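Guided by the hints, dock chain B onto chain A, whose structure is given.
Just so you know, the sequences run in chain order A and B.
When we follow my numbering, the leftmost residue of the first sequence carries the number 1, and every step to the right adds one.
When we follow my numbering, the leftmost residue of the second sequence carries the number 367, and every step to the right adds one.
A portion of the hints provided could be inaccurate.
Only pairs whose alpha carbons sit at most 25 Å apart, straight line, appear in this in silico BS3-like list of lysine-lysine [said to hold, decoys possible]: (1) B:Lys510 with B:Lys494; (2) A:Lys165 with A:Lys209; (3) B:Lys473 with A:Lys341; (4) B:Lys475 with A:Lys30; (5) B:Lys513 with B:Lys473; (6) A:Lys30 with B:Lys425; (7) A:Lys71 with B:Lys425; (8) B:Lys475 with A:Lys165; (9) B:Lys405 with B:Lys513; (10) B:Lys513 with B:Lys425; (11) B:Lys494 with B:Lys425; (12) B:Lys510 with B:Lys425; (13) B:Lys473 with B:Lys405; (14) B:Lys405 with B:Lys494; (15) B:Lys473 with B:Lys425; (16) A:Lys30 with B:Lys513; (17) A:Lys71 with B:Lys494; (18) B:Lys494 with B:Lys513; (19) B:Lys405 with B:Lys425; (20) A:Lys165 with B:Lys473; (21) A:Lys30 with B:Lys494; (22) A:Lys356 with A:Lys341; (23) A:Lys30 with B:Lys405; (24) A:Lys71 with B:Lys405; (25) B:Lys473 with B:Lys494; (26) B:Lys494 with B:Lys475; (27) A:Lys71 with A:Lys30; (28) A:Lys71 with B:Lys475.
Quick caveat, the hints were computed from the structure, so don't treat them as lab data.
Fair warning: this is a prediction, and the values are worked out from it, not measured in the lab.
Here is what each chain is made of, one letter per residue.
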Amino acid sequence: MRKKLFSTTTILFAAFIFNASPAFAVDLSKITLNGFVDLEFSSADNAEGNYNSSFHQHHLSFLLDVPVTDKLSAYTHIEFDHGTNINTANANQTTASRAGGDVIVENAFIRYASSDAVQFRFGRMLTPFGYYNEIHDATPAIISIAIPAAINSMEERGGIPMFPKWSTGLNVLGTVVMGYSTLDYTIYVGNGENPAGWNDSQSDANTNKAFGARVNFQPVEYIQIGASVYSGDKASQTTTIAPIQSAPHTTGGILLSVNVDSFFFLSEYASSQVEGHSASAGYGQLTYVLSRRFSPYYRFEYSDPDGSVSDDNWIEHIAGVNFRPMDMANLIFKFELSDNKRGANNAAVKNDLNYKEARFAVTLYF
Amino acid sequence: MRSPYISRKTFLKATLVALALSLAPVEKAFAELVVIVNKNNPTASIRATDLRLIYNGGKRMFENGTVIQPANLQPENEVRNDFFSRVLHLDAESYRLYWVRMIFSGKGKPPVEFENEEEAVNFVATNKGGLAFVDSSSVDSSIKAVKINLDE
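Just chain A, same shape as in the assembly:
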């Protein structure tokens, strides 16, 4: 009996091997490789900003879009941040002088488009919250040198992040057309926020799953109204022996954008509650596309990193210009001036409450 089973298995295995269809191949001409590289420079009037007037090789990004069929594709975005160097030190150089930077998988997901109204993503993705988080800080795709820290990087404003930058899980999204209006939606579930140092794409610190959604409604082609929500339990490890503590984390945001002729106005506001703290932030930004080469902009940012702490607000005014010297080269120069005013109780303040910073960036995308 065992001999018969062995023979049958061997025959079936051989049949499988010899009749196997060739490896599934992708049409290489349909694969798209995009990316960008940039260099930044900043100089501040005191040590609250970049008082050393330094260069910063911020991003080297590669994006790969691989369509397997008309409706199924893989999308990845790998970023080398801050001139990544992960070599180990040799005898003459300390680790501190050589190592640094990050290699980040910004996006790695499978995309299936069942129809315009129903599409799916599976994998790791930048959390779909508000206008900027999915663009992240891709310098060619944003008008300023950095995205608004208000809402998107509250940890740099003396607070805690309003939502995790990445979500590992499932995402349903689509576009619904209603007459001359359109509605984009996205709904997702992911592992949520882990304690510092944990990678939520590798493991999950609690049984909770985070949920979120965003809708953007365009009643007419030049106006967009949006709302985002994120809800999960933020896991934090208070001691090495205690179980991981989880606290509810809820954030809501609204968006308005108006695009008339060469003017583009964008404004967002968000409010967050986590671990007994509340935070709120917002910004308004006006861009004017003066010509194909020049686009000046102005942004006002407001952050209140902790609602229970008085005099901890951070206000930033940014005025700048984008300059594209050549149409085809995708080369962009950016210059901006930033004026920062903080309250005395803002947790990010070291010595001076206020500082001004001049920033310059050049980026080339392909």
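What follows is chain B alone, placed relative to chain A:
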């Protein structure tokens, strides 16, 4: 011998004529802008709203489920400029910025660009989901022209 200088009266006349000519409406010589699809595509007409969605990546499929493969012409092309301003109501720079945002946020790829209308016609003729805009003089029997329903 005639004076090499024109009289004040002649100068005034010439200035008025030049001014009148410069203020006269300038009519651009476009025959007719048409959208073309593969000849096996059952689509008969298409709304400008849907064309805007197709060219900004929001609409990816025809009603019969075929994935749309929109074709574009290069930025300096006059037919493209006409299509973008009259139908899509978009300027070239806003469109470029829009697609840079879309690419770097993983939301899709922009329509493939062709150097001229002939290449766009060939693309549509050989792809069942192909869609492009061309001047009516470029339409031949290999593809099908569909009517654009401009928004009210």
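Q.
When the structure is checked against the list of hints, which entries are broken? Sort them ascending.
A. 3, 5, 13, 16
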